[in-house]
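Since the structure of chain A is already known, use the hints to place chains B, C and D on it.
4 protein chains.
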Amino acid sequence: MHIGLVGLGRMGNNMRGRLRDKGLEVTGYDPNPEVSDVASLAELAAAIPAPRVVWVMVPSGVPTTSVVEGLAGVLEEGDLVIEGGNSRFTEDTKHAGLLAPKGIHYVDVGVSGGVWGRENGYGLMAGGDAADIERAMPVFDALRPEGPREEGFVHAGSTGAGHYAKMVHNGIEYAIMQAWAEGYELLNSEKNPVQDVTGTFKAWQRGTVVRSWLLELLVRALEEDPGFDDIEGYVEDSGEGRWTVEEALNNAVPVPTISASIFARFVSRQEDSPSMKAVAALRKQFGGHAVRPR
Amino acid sequence: MHIGLVGLGRMGNNMRGRLRDKGLEVTGYDPNPEVSDVASLAELAAAIPAPRVVWVMVPSGVPTTSVVEGLAGVLEEGDLVIEGGNSRFTEDTKHAGLLAPKGIHYVDVGVSGGVWGRENGYGLMAGGDAADIERAMPVFDALRPEGPREEGFVHAGSTGAGHYAKMVHNGIEYAIMQAWAEGYELLNSEKNPVQDVTGTFKAWQRGTVVRSWLLELLVRALEEDPGFDDIEGYVEDSGEGRWTVEEALNNAVPVPTISASIFARFVSRQEDSPSMKAVAALRKQFGGHAVRPR
Amino acid sequence: MHIGLVGLGRMGNNMRGRLRDKGLEVTGYDPNPEVSDVASLAELAAAIPAPRVVWVMVPSGVPTTSVVEGLAGVLEEGDLVIEGGNSRFTEDTKHAGLLAPKGIHYVDVGVSGGVWGRENGYGLMAGGDAADIERAMPVFDALRPEGPREEGFVHAGSTGAGHYAKMVHNGIEYAIMQAWAEGYELLNSEKNPVQDVTGTFKAWQRGTVVRSWLLELLVRALEEDPGFDDIEGYVEDSGEGRWTVEEALNNAVPVPTISASIFARFVSRQEDSPSMKAVAALRKQFGGHAVRPR
Amino acid sequence: MHIGLVGLGRMGNNMRGRLRDKGLEVTGYDPNPEVSDVASLAELAAAIPAPRVVWVMVPSGVPTTSVVEGLAGVLEEGDLVIEGGNSRFTEDTKHAGLLAPKGIHYVDVGVSGGVWGRENGYGLMAGGDAADIERAMPVFDALRPEGPREEGFVHAGSTGAGHYAKMVHNGIEYAIMQAWAEGYELLNSEKNPVQDVTGTFKAWQRGTVVRSWLLELLVRALEEDPGFDDIEGYVEDSGEGRWTVEEALNNAVPVPTISASIFARFVSRQEDSPSMKAVAALRKQFGGHAVRPR
Numbered sequence: 001m002h003i004g005l006v007g008l009g010r011m012g013n014n015m016r017g018r019l020r021d022k023g024l025e026v027t028g029y030d031p032n033p034e035v036s037d038v039a040s041l042a043e044l045a046a047a048i049p050a051p052r053v054v055w056v057m058v059p060s061g062v063p064t065t066s067v068v069e070g071l072a073g074v075l076e077e078g079d080l081v082i083e084g085g086n087s088r089f090t091e092d093t094k095h096a097g098l099l100a101p102k103g104i105h106y107v108d109v110g111v112s113g114g115v116w117g118r119e120n121g122y123g124l125m126a127g128g129d130a131a132d133i134e135r136a137m138p139v140f141d142a143l144r145p146e147g148p149r150e151e152g153f154v155h156a157g158s159t160g161a162g163h164y165a166k167m168v169h170n171g172i173e174y175a176i177m178q179a180w181a182e183g184y185e186l187l188n189s190e191k192n193p194v195q196d197v198t199g200t201f202k203a204w205q206r207g208t209v210v211r212s213w214l215l216e217l218l219v220r221a222l223e224e225d226p227g228f229d230d231i232e233g234y235v236e237d238s239g240e241g242r243w244t245v246e247e248a249l250n251n252a253v254p255v256p257t258i259s260a261s262i263f264a265r266f267v268s269r270q271e272d273s274p275s276m277k278a279v280a281a282l283r284k285q286f287g288g289h290a291v292r293p294r
Numbered sequence: 001m002h003i004g005l006v007g008l009g010r011m012g013n014n015m016r017g018r019l020r021d022k023g024l025e026v027t028g029y030d031p032n033p034e035v036s037d038v039a040s041l042a043e044l045a046a047a048i049p050a051p052r053v054v055w056v057m058v059p060s061g062v063p064t065t066s067v068v069e070g071l072a073g074v075l076e077e078g079d080l081v082i083e084g085g086n087s088r089f090t091e092d093t094k095h096a097g098l099l100a101p102k103g104i105h106y107v108d109v110g111v112s113g114g115v116w117g118r119e120n121g122y123g124l125m126a127g128g129d130a131a132d133i134e135r136a137m138p139v140f141d142a143l144r145p146e147g148p149r150e151e152g153f154v155h156a157g158s159t160g161a162g163h164y165a166k167m168v169h170n171g172i173e174y175a176i177m178q179a180w181a182e183g184y185e186l187l188n189s190e191k192n193p194v195q196d197v198t199g200t201f202k203a204w205q206r207g208t209v210v211r212s213w214l215l216e217l218l219v220r221a222l223e224e225d226p227g228f229d230d231i232e233g234y235v236e237d238s239g240e241g242r243w244t245v246e247e248a249l250n251n252a253v254p255v256p257t258i259s260a261s262i263f264a265r266f267v268s269r270q271e272d273s274p275s276m277k278a279v280a281a282l283r284k285q286f287g288g289h290a291v292r293p294r
Numbered sequence: 001m002h003i004g005l006v007g008l009g010r011m012g013n014n015m016r017g018r019l020r021d022k023g024l025e026v027t028g029y030d031p032n033p034e035v036s037d038v039a040s041l042a043e044l045a046a047a048i049p050a051p052r053v054v055w056v057m058v059p060s061g062v063p064t065t066s067v068v069e070g071l072a073g074v075l076e077e078g079d080l081v082i083e084g085g086n087s088r089f090t091e092d093t094k095h096a097g098l099l100a101p102k103g104i105h106y107v108d109v110g111v112s113g114g115v116w117g118r119e120n121g122y123g124l125m126a127g128g129d130a131a132d133i134e135r136a137m138p139v140f141d142a143l144r145p146e147g148p149r150e151e152g153f154v155h156a157g158s159t160g161a162g163h164y165a166k167m168v169h170n171g172i173e174y175a176i177m178q179a180w181a182e183g184y185e186l187l188n189s190e191k192n193p194v195q196d197v198t199g200t201f202k203a204w205q206r207g208t209v210v211r212s213w214l215l216e217l218l219v220r221a222l223e224e225d226p227g228f229d230d231i232e233g234y235v236e237d238s239g240e241g242r243w244t245v246e247e248a249l250n251n252a253v254p255v256p257t258i259s260a261s262i263f264a265r266f267v268s269r270q271e272d273s274p275s276m277k278a279v280a281a282l283r284k285q286f287g288g289h290a291v292r293p294r
Numbered sequence: 001m002h003i004g005l006v007g008l009g010r011m012g013n014n015m016r017g018r019l020r021d022k023g024l025e026v027t028g029y030d031p032n033p034e035v036s037d038v039a040s041l042a043e044l045a046a047a048i049p050a051p052r053v054v055w056v057m058v059p060s061g062v063p064t065t066s067v068v069e070g071l072a073g074v075l076e077e078g079d080l081v082i083e084g085g086n087s088r089f090t091e092d093t094k095h096a097g098l099l100a101p102k103g104i105h106y107v108d109v110g111v112s113g114g115v116w117g118r119e120n121g122y123g124l125m126a127g128g129d130a131a132d133i134e135r136a137m138p139v140f141d142a143l144r145p146e147g148p149r150e151e152g153f154v155h156a157g158s159t160g161a162g163h164y165a166k167m168v169h170n171g172i173e174y175a176i177m178q179a180w181a182e183g184y185e186l187l188n189s190e191k192n193p194v195q196d197v198t199g200t201f202k203a204w205q206r207g208t209v210v211r212s213w214l215l216e217l218l219v220r221a222l223e224e225d226p227g228f229d230d231i232e233g234y235v236e237d238s239g240e241g242r243w244t245v246e247e248a249l250n251n252a253v254p255v256p257t258i259s260a261s262i263f264a265r266f267v268s269r270q271e272d273s274p275s276m277k278a279v280a281a282l283r284k285q286f287g288g289h290a291v292r293p294r
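Chains as they are written, first to last, in this note's numbering: chain A, 1 to 294; chain B, 1 to 294; chain C, 1 to 294; chain D, 1 to 294.
Keep in mind that the hints were calculated from the coordinates and are not lab data. Since the structure is predicted, the reported quantities are computational estimates derived from the model, not experimental observations. Please note: incorrect hints may appear among the correct ones.
As the list claims (entries may be wrong) - Quick look at which bits of chain D chain A covers, simulated, 3 or more residues with Cβ under 8 Å: (1) 1 to 15; (2) 43 to 56; (3) 273 to 287.
Unchecked claim - Here are a few chain D residues that sit away from chain A, every Cβ distance over 12 Å (derived from the structure): (4) Val26; (5) Thr27; (6) Pro33; (7) Val38; (8) Gly61; (9) Glu76; (10) Asp92; (11) Glu134; (12) Ala165; (13) Asp196; (14) Tyr234; (15) Glu236; (16) Ala264; (17) Arg294.
In this text, a Cβ means the ideal position worked out from N, Cα and C, and glycines have one as well.
Just chain A, same shape as in the assembly:
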């Protein structure tokens, strides 16, 4: 099989490598000529056999929409675009709609695995028509981890289902990371009898209820930098967590841990907290409690 791949950043580049390792032919396009195989989307379309399969792996939002629009101009009826970026699922209907008038098919895929996917394979969740997904199965089989297909790939539903599943995956991931972080802070609190914190996490890797890959990464991180002395408690978020809470609000689903994990990140990025200034000011007003001057 010979496919096109648009976007050769860290993720796209890793995926091209894995696909080639697995025996697929891949022509990649990226605005950066140093990593690109061709000079334009038009050249990409010319380089791969029809009916074409083109995987899009660029940042979500305007970049992804621009690429889909560009592909609408160079692909032909019967071709298939697979959008594998971290797009909001609400974008998929729009993107499919940009391609449908030309008879170009569309599948959305949520991809998990980060920098480890190159070696371990990626968890994949796909949305779209069964026939399109069937056609792209050699690509999915090459990208997903070894083992039973259903343990690393799912056809989750119609258009948007892949990105929706990935959004929920990331919402869960946020909350799980926060759970680990709270436990870490407790094990480092002053009045606690645990002396070997790294060893404790390490000992949870086999036999316990909480054994998991994130735990293994936490152990790895602690072994590299016990006490996390070299890093700051400052955490970005890349959108999926917020979208998850917004969908929860749309669907009247209570998500206390997912929302808490996002709010903790918001606070981590503030130099000073307007909220807590207000609380300090109130306490001073009614109780004469001291405030910290700046």
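Quick look at chains B, C and D alone, frame taken from chain A:
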């Protein structure tokens, strides 16, 4: 009526003033001779007529227990101790038990009102026997605000009920302050069309659902220091909030807003967050996301 | 002054009454002929003097947009539409844009006070141009509570600021109600020494830090139905709370108490909780813990 | 090695089985004669060689303390008691103190793994003196999972450290389960494009960031009962979660996800919510909003 008052700090001193304004005779004792009327608890006992009423207004914990023990040594059968500090309600059974063998009665009182109580009166919640509370009613009537007695005083229940009610009062207060603080931060967020933040809070003082004394204090604070430029977002807690959550855990009562308000204070006091270091470290491990070096 | 008022439901009808009491002339329109003064928007426009002021007070969303569109067809250059419903602030730019091509001015107003506003007056927050707001001031002065104007009315900012302020007001209100509710549940828990729960809330009305109108309403509700035996713990939400959390997400503002108050409402409406089924199922899997069969 | 084991309930019985499979000699005592090897603690002491090692595996609280007291009466200087139950870490100092006057040593161990431990081995966290732990190592090696010792066992610290580590482990576990549960509810919400919910969770088992044993159990549970139609959303808690939050309060550690997971369980057990009755009552008071009659 002539009563004794132990503890002449900010609160105790204000209360002595209010009681005297209302026509009660008050002999106060404090280790600080500059504010004390007598030189010892024994002198205090000698100065006031039996059966005595002695109000204790010292910091909770060891100081309060010490004073109760001291009073057990100098008071007589039929005397009454009123413990009005910010004690945990679980202390009251112990304190009553220190006095009961000598026939000394005990009433616990939760007091709200802060530095404004001197002028406006204090909200009072009492726990103990009806006869003891009846005996102390002239004191309660002098301390509570003008208006119907039942709008500023309650005999809430048996021993401990006064401090329990005060504990819950403060738990609610913490959560309400946090609610105001979140609203304040939203009105100061970048992408919002409200330009007159102080004016908006000011306009909520009449007619709205949220009109309240804390709102009036927030307006006063904003008028003194718009933007809270002079204070840091650093907030202490004095125990009642934690106790409230502990009682919620004991009683299987969900308290998401009260707990959130306490956790926000904990975070406000951290120079850096161990939790968020752990999350940052995890993100770096799986996604190669940048961390902020220290 | 003679103004038009579209929408004569509970809120609109009360407002017409208050405006007339205060000496304004009001022509009201509602699809329901029993309460309407005129038969159509066109008749409304014909009945009031130019330059006209028309207050819109209909449900948010499609109904409000329809009325604004209708008014765009019957009003003239220089007229002023005041949108006082519970609209999301993001609607205001759209509504202003429907009127601007015809030279019709637009002001958005957030209104608080509920069924009590008829008698006590309404808290008002306005967004728009200063000249338009000045023109409508007699209306605002009639609707707002007695007392200083700035304690019941604010020109919060440009278009949308009135509804944004009201949205934040309601988000705060949600969290404050939840705080009261948590305290109520604690005072009713089994292992607590407070026997007179209604009396305790009653006693907080004067002198305490938490004194407020919502507390007075809670006391009133408890006096009508102590124990709330006649009502179910089922709580709707009308949108503003969700919007507040969405704006918090847009602005990276942590809102743990506001979100908790909304999630509590979501849970209150569920017959059974899918989340908690999943937790029960997990516990059974790893620990053999019993589950409750349905 | 030949050890004693007190408590042959589900956990103790499984552990006896695993220890025997691994070649250790085990004499078990339980009040239930059908499972017990001896008739009393005294017979147990007589049956095993000195210096003795006795593992205690009974319910926490009074049962555990009673057994420790009983062992203080039948064991001798130099013997070792290992307390492996789900005790609060604050109990360990007390239990060690009951044995120390007789020269009996004490080690506390937190045990994770549930019903699967019999086959997979148990994750173990121990607190106490290094020499005592070294002496018991054959027992730990038999109980822990195959693989490197440090991935299933840790000497976490001094007395109490084992149970403290287990308490934090369970707090994290609570929050992680809640995270999964929120994701499950989102994937089952009405307005979402995912049709194959079980398949989606199944596909996360390889390659994704969230792959873990709890996920595998969730998949297993969903395959047994898709939709969880047979179980109720009612979840008990066994104490460790509450203790974790209490320790967080003692140490000023913010634990928003752990506390949220416990509060969700509290709510799941309520027939009706007092909190939400109060909110419904408030909304009726100020807005005339309908309440649901009971």
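Here's how the hints hold up against the structure:
no. : hint       : verdict
1   : 1 to 15    : violated (count 0)
2   : 43 to 56   : violated (count 0)
3   : 273 to 287 : violated (count 0)
4   : Val26      : holds, 19 Å
5   : Thr27      : holds, 25 Å
6   : Pro33      : holds, 31 Å
7   : Val38      : holds, 29 Å
8   : Gly61      : holds, 20 Å
9   : Glu76      : holds, 27 Å
10  : Asp92      : violated, 8 Å
11  : Glu134     : holds, 15 Å
12  : Ala165     : violated, 5 Å
13  : Asp196     : violated, 6 Å
14  : Tyr234     : holds, 16 Å
15  : Glu236     : holds, 16 Å
16  : Ala264     : violated, 7 Å
17  : Arg294     : holds, 22 Å
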